[in-house]
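Given only the sequences and the hints, what does the whole structure look like? Please build it.
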Amino acid sequence: MATKPHTTYGTAAKSAGLGSREAKDIVYRELLNPHHATTYTPARFWVGLFFAAIFVPVVGGLFPVLGTMAGYGLEQISTAGWPKWLAGLWPVARPVIDGLLWVHLIVLFITVFSMFAVWMERKQSAHMQCRTGPMEVGYLDPTIFAFGKRWRVLAPFVGLWRKLFPKASPHGWLQTLADGLKLMAKEDLIPRGADVALFVLAPIIAFLGVFAAYAALPFHGAHFGIAADLDTAVYFIAAISSIEAIGVVMAGWGSNNKWSLLGGIRAATQMVSYELPLGISVLTAIVVAGTLSITEIVDLQYGTWLLGWNVFKSPFLCIAFVVFFVASLAECKRAPFDLPEAESELVSGYHTEYSSMRFSIFFLAEYAAMYVVAAFGVCLFLGGWYTGIGPLDAGMHQFQDFMWNQQGADPRWAIALAKGEVTTGQALSAYGFWNVVGVAALGSFVLIGKTMVLVFFQMAARWTYPRLRLDQIMYFCLKVLLPISLVALVGATVWELLSQGNVFFGLLGGHTHQHWHQAAAAAGAGG
Amino acid sequence: MTTVTTNRRGWFGNLFSVTKSLWAGLRVTMSYFVKPGTVITLQYPLQKDDLPDRHRGIHFLETEKCIMCWKCARACPVDCIDIEGTRDGEVDGAFQGKGVVMTRFTIDYSRCIFCNLCCEPCPEECIHMGQEFDYSAWDREGTVKSLLHNQVFDAGLKAKMLADRGDIKRLADDAAAAKKAKAEAAKKAKEAAAAKAAPPKADGATS
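Residue numbers (the numbering used here), protein chains in the order written: chain A, 680 to 1206; chain B, 124 to 330.
Note that these hints are calculated values from the structure, not bench results. Just so you know, even glycine gets a beta-carbon here, dropped at the ideal spot from N, CA and C. One or more hints might be untrue.
Unchecked claim - Only some residues are given here: those of chain A computed to face chain B with a beta carbon under 8 angstroms:
hint, residue
1, Q803
2, M807
3, Q808
4, S1023
Below is the structure:
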């Protein structure tokens, strides 16, 4: 026994000049593990990231484009040959049909976005922490049904997907769907002693506040890119998205649970601190644009390539954008401002007692709010649907110019539009259906794409920074962000007055507001 | 509310240092994000981590070396090794060892304590603590694993065991033997084909 060691593990491999690790790797790869390619390689990662990046702009962009097509079509309908009563009813019925259509399109958009965003958050956070995130769900293998007796015929084909594509992995792209189905299958509980009315209403109100904000949120610049093009859209969005906090407080109070109550109180406390810098940074963009209409604010950012964007227009607007972004994290209760649902302190805060669909509606509201604040920020500061590429922007801008300033394609349509003889949809037929649709598709791709970039940074912030304490959050919002936003407001105002709307005092050439000032002057002269 | 005291840097200095630290934090996480090579998660059933070379998992038996001396079974403190055999010729499902026919070599893993005491007395160095650690079974009978035909270890696992134990030479020999056999078979087939095609002419030339 003593003459020979009782184990020779690894020694021969090492003396053979072949590290045992490499030897094992070879054996693993060639003999043991046909699926080894499910590991990440840089190439796979970047290709996956590319497709993930264009997924929501492409798929989500379909819905506003559909809305544009339908809205365009509805406006083409002429009531000329109709019976009188029906023709009289049409002006009432058309907006109702249009509105119902938009409701469904927005619900679909929110669903698609939320499902993707949850998956994206899981994958992104995983990669930020050297993990992989969900990897398995989504093989779309029909043989998953081979469990029941009836489907025994499928048994020989179990794992077909993997046999056909042994190196492919779905990277969990349907994980959110699976989780959602699981949530729906859960028992719906209302705790004893809960205030049932508040408990039931809370998720609805929380979601309602976010959902209503989508009504005034534009998707693209061609006509019908927005459910309701309000003159006070900015005010509307800022006001209605605060309703979410009421739902949260209701949930906290109605649950009859101390964790929930603390979460609700925190939500209310947090709201009074972040709303101020948020409102003032929004005000900065309004002051520069001189309008509350969000489509006009976006359109004023057209021109001079990237320098037309509010965020690049003056350093003060850049500061205002940073303040807006930070405050918007607090608005949608994302880390590092996720005090109301602090997992490590309050179980899960205001939705501790919620399960099943009620919980998933809260969850949906959170992700929908992420899109709202990000898209709001994109419209106010990052040039909305404008790409920053001159020729492309000019193509998108001509529609705005045509509708608002009666300039462009066919002057007869423009004149008729100005006189109010035709609807904007009819006037736009001067450009043709597919031209409008093309602009709509490009616009929504750009706007949603920019929004996804902001959402990416919202998630990056969540998975990087630790949660603030309640007193820290109030200090930060009231004593740091508020003074900064006030300085930005005054600075941006003075800058705007001194530069007369020119980009960097006209030093870099190009006037962002020229056409708008002309239009305003023309309107003034005409009136 | 407790007062948040700013540090001696003052308001602006504090703002600056916070911005700097936020940037530093984001740089760390983003650097991991853009480098998928930093992912350390293994897809467990498909990929397995390297265990230490001397990990004590399910035993690996080099059945052809075993002489059925029972030393391992006797050394076992929990009496979980069960060996049966005969010298009376072939038995169905048995293994032809060194001069004996082994009909049974099982280890009850619901009792095994992985103490390595079975491996130490083995005169033929044929039983080893392996790297396999998945002992799960649907019932108690399932925890009794037979090592006779390497039921636990398929061909791949056996090759891995050899690699683990540094038996690269044997791996290479196996591969070379397989290659040689293949080449010989190919050669034979070629010769046969050539013989089939050539014979009349060849006969004519020699005679």
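Going down the list of hints, with the structure as the test:
1. Annotation: Q803(A) was flagged as interfacial toward chain B, and the flag holds, the nearest CB pair being 7 angstroms apart, inside 8 angstroms.
2. Here the hint on M807(A) is kept, as its CB sits about 4 angstroms from the closest CB of chain B, short of 8 angstroms.
3. Interface restraint check for Q808(A): the shortest CB-CB distance to chain B comes to about 7 angstroms, inside 8 angstroms, so the restraint holds.
4. Interface hint at S1023(A): violated, since its Cβ lies 18 angstroms from the closest Cβ of chain B, which is beyond the 8 angstroms cut-off.
Comparing the model with each numbered hint stated earlier shows that hint 4 is the single one that does not hold.
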